[in-house]
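*Asks:* All chains should be modelled from the sequences, with the hints used to inform the complete structure.
This is what each chain is made of:
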Amino acid sequence: MTTGALIFAHNNDHIDYVAMARWSAQNIQRHLGIPTHIVTDTVTDDSNSRWFGDYNVNMAWYNQSRVTAYDASPWDCTLVLDADYVVASDQLQTIMDADQDFLCFRRAYDVTSVNDFVGHNTFGDVRMPMWWATVMWFNRSRHSQLIFEAMTMIRNNWTHYRRIYKINQATYRNDHALSIALCLLQGHTLTVPAIPWSMASVMPEHRLTQTDLDSYRVEFEDPMQRSRWIELHDQDFHAMGKQQLGDIVANPC
Amino acid sequence: MDTNQLVAHARARFEHEAARRVLREKYQAKFTFAHAGGMWLAGPELLTLLKLCSGTVVVQDLYENPVKIQAEELYELAVQRWQECLNAWLIEYEQSNQQR
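Residue numbers (this note's numbering), protein chains in the order written: chain A, 98 to 350; chain B, 11 to 110.
Hints in this document: simulated from the structure, not taken from any laboratory.
Check before you lean on any hint, since a few could be wrong.
[To be verified] Label-pair restraints from in silico Cβ distances:
(1) A:I261 to B:Y103: 42 to 48 Å
(2) A:P349 to B:E94: 26 to 32 Å
(3) A:D113 to B:Q90: 38 to 44 Å
[Claimed, not checked] The following residues of chain B were derived to be distant from chain A, with all beta-carbon distances above 10 Å:
(4) T58
(5) L62
(6) E83
(7) V89
Using N, Cα and C, we set each Cβ at its ideal position, and we do this for glycine too.
*Replies:* Shown next, in the form of structure tokens:
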């Protein structure tokens, strides 16, 4: 049985996602011992765009091909990662050993504790629980296939599902499509198996630097506007600020 | 890095509460392990349960699935994982307490 990682990386005018994916592939090989397949076809559909706070600009966001992960993956068991998810430990090995068809994160948190992530862990006016598409683990089961087929259906009918779940933002997000798909397939019981710990996140407004091979420093201002910092060591995290991660990838330790 | 950035860097203080929370979350992940097709959280609850059992038994894993396990074998794995992680956590915790 083959096991590997899959990263979707579609560059836009500002962000070199392919470079991030290449750098991440090295980390994945070092910590998890599996190869990485990078999907980086040329994308012509730029209808999706979003605000990137660290760049202070609205730019194209080529995120719609994630639903093809089941078909695009060459592996029997696949670990799908965002290009900006930093693998700095072997944490994900645990889910690779789990006997589950599909797993992803249910909760994320801000490593600085400055931001309350309640709003990030739910979506829409009805506050539906959100399952994050940042990290997805799946095998070749019918259940996994149905999840991606449902995500495709939701993406293709995004306006319809946006209205049902009362999502104000027009921008399509894989997190929303995944959450809706999982709820649909579980009969809206909200009993979806998830990765049994929370996803560490570094916000774009916080300064991220690499201090050693698997050590990162996060500088931020606390609610009293005082300068503070913490260090992440041997800890995977989602780097939501692409600019700073881009700088690290360009000049790694 | 200009002068203002250098001053800000020097004045920055280590945020102990946030660091402790990150450590708690980090070790929550490390306490988790897979065995016999189930997912387990090494900790007092699992260890106490396993101490009550012997031989081949069926217990619920983290996903509330029934899994057939050897109680002694899973106990050994869980207690080893628990102590290794707690020791590593303690070292990191003490290091973070020394940060300015």
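*Asks:* Next step is simple, just say for each hint if it's right about the structure.
*Replies:* How the hints compare with the structure:
no.: 1; hint: A:I261 to B:Y103: 42 to 48 Å; result: 46 Å, holds
no.: 2; hint: A:P349 to B:E94: 26 to 32 Å; result: 29 Å, holds
no.: 3; hint: A:D113 to B:Q90: 38 to 44 Å; result: 43 Å, holds
no.: 4; hint: T58; result: 19 Å, holds
no.: 5; hint: L62; result: 23 Å, holds
no.: 6; hint: E83; result: 16 Å, holds
no.: 7; hint: V89; result: 18 Å, holds
Hint compliance for this structure: no hint is broken.
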